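4 protein chains.
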Amino acid sequence: MTTIHEFRNVIEKYKVVFFDAFGVLKSYNGLIPGIAETFAYMEATGKEYFIVTNDASRSPKQLAETYHNMGLLAIDHERIISSGMLAKEYLDLKVNDGIVAYLGTENSAHYIERSGLQALPVREIGPHNIDQVNALVLLDDEGFDWFTDINRTVNILRQRTIPAIIANTDNIYPVSGSNQVSIAIGGIATMIENIVGKRFIRFGKPDSQMFMFTYDLIRERRPISKNEIIMVGDTLHTDILGGNKFGLDTVLVLSGNTLAHDVESRIISTGIVPTYICPDASI
Amino acid sequence: MTTIHEFRNVIEKYKVVFFDAFGVLKSYNGLIPGIAETFAYMEATGKEYFIVTNDASRSPKQLAETYHNMGLLAIDHERIISSGMLAKEYLDLKVNDGIVAYLGTENSAHYIERSGLQALPVREIGPHNIDQVNALVLLDDEGFDWFTDINRTVNILRQRTIPAIIANTDNIYPVSGSNQVSIAIGGIATMIENIVGKRFIRFGKPDSQMFMFTYDLIRERRPISKNEIIMVGDTLHTDILGGNKFGLDTVLVLSGNTLAHDVESRIISTGIVPTYICPDASI
Amino acid sequence: MTTIHEFRNVIEKYKVVFFDAFGVLKSYNGLIPGIAETFAYMEATGKEYFIVTNDASRSPKQLAETYHNMGLLAIDHERIISSGMLAKEYLDLKVNDGIVAYLGTENSAHYIERSGLQALPVREIGPHNIDQVNALVLLDDEGFDWFTDINRTVNILRQRTIPAIIANTDNIYPVSGSNQVSIAIGGIATMIENIVGKRFIRFGKPDSQMFMFTYDLIRERRPISKNEIIMVGDTLHTDILGGNKFGLDTVLVLSGNTLAHDVESRIISTGIVPTYICPDASI
Amino acid sequence: MTTIHEFRNVIEKYKVVFFDAFGVLKSYNGLIPGIAETFAYMEATGKEYFIVTNDASRSPKQLAETYHNMGLLAIDHERIISSGMLAKEYLDLKVNDGIVAYLGTENSAHYIERSGLQALPVREIGPHNIDQVNALVLLDDEGFDWFTDINRTVNILRQRTIPAIIANTDNIYPVSGSNQVSIAIGGIATMIENIVGKRFIRFGKPDSQMFMFTYDLIRERRPISKNEIIMVGDTLHTDILGGNKFGLDTVLVLSGNTLAHDVESRIISTGIVPTYICPDASI
Chain S
76 MTTIHEFRNV IEKYKVVFFD AFGVLKSYNG LIPGIAETFA YMEATGKEYF IVTNDASRSP
136 KQLAETYHNM GLLAIDHERI ISSGMLAKEY LDLKVNDGIV AYLGTENSAH YIERSGLQAL
196 PVREIGPHNI DQVNALVLLD DEGFDWFTDI NRTVNILRQR TIPAIIANTD NIYPVSGSNQ
256 VSIAIGGIAT MIENIVGKRF IRFGKPDSQM FMFTYDLIRE RRPISKNEII MVGDTLHTDI
316 LGGNKFGLDT VLVLSGNTLA HDVESRIIST GIVPTYICPD ASI
Chain H
76 MTTIHEFRNV IEKYKVVFFD AFGVLKSYNG LIPGIAETFA YMEATGKEYF IVTNDASRSP
136 KQLAETYHNM GLLAIDHERI ISSGMLAKEY LDLKVNDGIV AYLGTENSAH YIERSGLQAL
196 PVREIGPHNI DQVNALVLLD DEGFDWFTDI NRTVNILRQR TIPAIIANTD NIYPVSGSNQ
256 VSIAIGGIAT MIENIVGKRF IRFGKPDSQM FMFTYDLIRE RRPISKNEII MVGDTLHTDI
316 LGGNKFGLDT VLVLSGNTLA HDVESRIIST GIVPTYICPD ASI
Chain D
76 MTTIHEFRNV IEKYKVVFFD AFGVLKSYNG LIPGIAETFA YMEATGKEYF IVTNDASRSP
136 KQLAETYHNM GLLAIDHERI ISSGMLAKEY LDLKVNDGIV AYLGTENSAH YIERSGLQAL
196 PVREIGPHNI DQVNALVLLD DEGFDWFTDI NRTVNILRQR TIPAIIANTD NIYPVSGSNQ
256 VSIAIGGIAT MIENIVGKRF IRFGKPDSQM FMFTYDLIRE RRPISKNEII MVGDTLHTDI
316 LGGNKFGLDT VLVLSGNTLA HDVESRIIST GIVPTYICPD ASI
Chain G
76 MTTIHEFRNV IEKYKVVFFD AFGVLKSYNG LIPGIAETFA YMEATGKEYF IVTNDASRSP
136 KQLAETYHNM GLLAIDHERI ISSGMLAKEY LDLKVNDGIV AYLGTENSAH YIERSGLQAL
196 PVREIGPHNI DQVNALVLLD DEGFDWFTDI NRTVNILRQR TIPAIIANTD NIYPVSGSNQ
256 VSIAIGGIAT MIENIVGKRF IRFGKPDSQM FMFTYDLIRE RRPISKNEII MVGDTLHTDI
316 LGGNKFGLDT VLVLSGNTLA HDVESRIIST GIVPTYICPD ASI
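Going line by line, the protein sequences match chains S, H, D and G.
For the first sequence, my numbering begins at 76 and goes up steadily by one.
For the second sequence, my numbering begins at 76 and goes up steadily by one.
For the third sequence, my numbering begins at 76 and goes up steadily by one.
For the fourth sequence, my numbering begins at 76 and goes up steadily by one.
Hint data in this document are derived by calculation from the structure and do not stem from the laboratory.
The model shown is predicted, which means the values in this text are computed figures rather than measured ones.
Careful: at least some of the hints might be erroneous.
Each pair may be met inside one copy or between any two copies, as identical chains are not told apart.
As the list claims (entries may be wrong) - When the alpha-carbon atoms are kept at most 30 Å apart in a straight line, the in silico DSS-like pairs for lysine-lysine are as follows:
#1 K136 with K301
#2 K273 with K301
#3 K88 with K101
With the rest of the complex left out, here is chain S:
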């Protein structure tokens, strides 16, 4: 029923390719086989790329290094757009001073520090400084003690009327080949929302601001139209829904969250339809 396309045939119609990272370029095993050739082909044919990722666990430079370490030297950190960058932009425009409390690794705090604000992990917030906390940002599911710090986060939001930002809307991420998953910070955020009765401000796909931010980066240098761009992703409700909504054509690859054996039933049950389906992003 579902037509499976060759990735090369799909991307040759477009000038710019947006890639999701996990499940598309890499997995817990390293690079997806054949990805280096894809980047060589794109360079040879003058196609532009951006990596549009909900991973706010480290800075674009650090993210680029992880590709370099796996042997994919073609990745330029200036072409990595992370949801953490949207959180930073929000803080730049809307928070003038005070402390920004966060859940995440020390590396993830990069995005807050770049905005010139004081970043403190939630575990360092107490009666002596809670009144100076002017925003809360959830960046990553690691780097803190879940029991103590999730409970602390709930109490900060009960006590302070401040914006709460979540830079990764994913609920889970894969952690091994045997179909094991781990809860992502987006899943924690939803629990906290239900408990305190306040909504987080969500950045990251499928939110349009991720796509707009990347689209604007291109437009600053040259004219571009949305139908010259294609979004490549492995997840229907973030990559494909977000790309579709922003008006882009989309490719679903079957090398990550969505598997060949149930791709058809998932498309039917969600109503989220990619323009193309490919086995993976190799060529």
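Given chain S, work out where chains H, D and G should sit, using these hints.
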């Protein structure tokens, strides 16, 4: 506790003012008193305005006429940005042919017809043409029989794997001075989503694309920065949340959905904080 | 994988059989073929039965007549337990006087009238009598104008702090052989809950009170143990979940909402596991 | 507006009093002042009591000891009905063999062990024994590492199609006098439900089975009618909603989760109305 500002003092710091429509410029009683003076002041001082509205029940021209009929001749239809325009843009980019089925008034179908596609009300969809339906758009809560056509909509979405778009995310709107409300099409959409297990693509505030669309209109003509713009609205979870998230300063006015006696408790309970609060948008 | 049992082999191990109605005993086409033989067998072998149904659209006597009219004379109205009876019991215990407003057919008002209270359809509630409304009951999706009366219901609940009861928790029900459905009053109730921010008191499967009510009817006459009873239903999240939770063994039949081709994936995805699966309830 | 009653005047009309525990009889500070007198009065006047609690963190005997240690010797463990007892009853009836995995303290495993099944904490489930896990029970928010064991729980439910039971539906509980709270296991359960897409079987108030279980204990010894019983609780959506739905009269006390300054607005916003309101359960 809560400081109430004068609207004139607030807007004089900004170059561009985005207004929500219902509860800010007009109510079920007609124009909010003093609004004509606000528009005269803005024209005299060279401030630019846009009306950013979730009302997709009619075209910008028809919406402008309703202001003219109430005596506010200053309103230019080119400055009205309706969520229906985002739905149209989506259809332009993502739907090539076939029928677009809709719930709403005949006037609301304007947005579909402008995209060059065939608009048919849900009541005209049956076994003979359901296979040609390539998108479904929910535009307004009037213009159809709720029992027959909401049930028909559910069955279309069970039978067809197509994008479903909702151009008005509001749940309710006020219908009289005695605190009576009516369910908006956004409330109907949520019920249909729960029943068929598929998510609608939502345009309209608080979604960022409404703000981006308007922001781009300005940028096409001249440079502008987000901190030169202020969003004026009467509803925390659409106008203020959306404006805040997009990085704009925001004014909450107390002439519509949010009332003076509970503004403070609503801000605390939702965590959505406007930059300013004013009694209304008169000066 | 999934073992399919013969219904006769299953029920011969139990003394009492609880049947769901729609999809088990009857469909929009009439009686499920072979059901008359099942009731003859049960009478011959001295097994007791109850029909435990979320259908509050009419009284047990009227419900029994619909079986008699289809030729199943064995059905005794005293063995039909409808969720409306739970609503009646609630009104008996908790509402002393005043008006009970309702959405549903005139027949469904039977349950309110039996409690000795004044039943008025929502359309007859206005400024002159709204202060006497002491409870609201949603009984059926027919018998009222959806647009006017659902909006009226929302406004009654915004104005009056009263218990709101929903006697049918189903979201949809089938209306034809071509897989068409209709929204049930349970789906309407969920929409109203989201809009007014208040929870309905829910009776009907999977709620335990339905099972307890029936169980108590038996215990009034003789001792019985839960493992002598089996619940037969066609819907995982009402019949099977409710029966399991109450501690009964359960049979899922494939003659209604759950179809043979996806029974296995539905059980896995919901985690609701019946004790047995049978093609239907015929023997 | 709201009438505040004296507790003695309220309970003298009833023969049996159901008490919630936390916020009614005790707080993080110890016994609520005056509670010993209440139990003395009840004994003198021949009123029967039951403590109906969502606390499944330890056995009724251990729960009774905590009262004895605080000086309230009147509490008999046979009169403590915990939601863990409902979980045990479910396991007795529906799970025949294998392992029951649990989240909670070692004390909370009491309820599983009483059913004769093998209780293992989630941290002891691995590839070698996951196939023998036939049920999962969430009992308490302590006794495990949140990060490792909540993630393990998610993976167990993705791999095994088994009933998942939650014995405490509360989202939070108070931990100090300065309005600090801690997330209860019910909040964790909702997060897991959203992530794995499966529903837990919920015991504990407001579920009717808690009330039915207690009601049946009385009926085994003597006849009783629902209007001879009153439920005393500090939480609208568990104690009062559950009591109301079961058909009991209810008292809301203001010594726990619901505070005097917002009791009226909470009743209006939730629509959950107690029969009486008292400052606390002292007399």
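Which holds for K273 with K301 at a C-alpha limit of 30 Å: within a copy, between copies, both or neither?
between (34 Å within a copy, 26 Å between copies)
Quick one: K88 to K101, C-alpha cut-off 30 Å, is that within a copy, between copies, both, or neither?
Intra 24 Å, inter 48 Å, cutoff 30 Å: intra-copy only.
Within, between, both or neither, where K136 and K301 count as close if Cα-Cα is 30 Å or less:
Answer is both; intra-copy 27 Å and inter-copy 27 Å each pass.
In terms of the numbered hints stated before, the structure departs from none.
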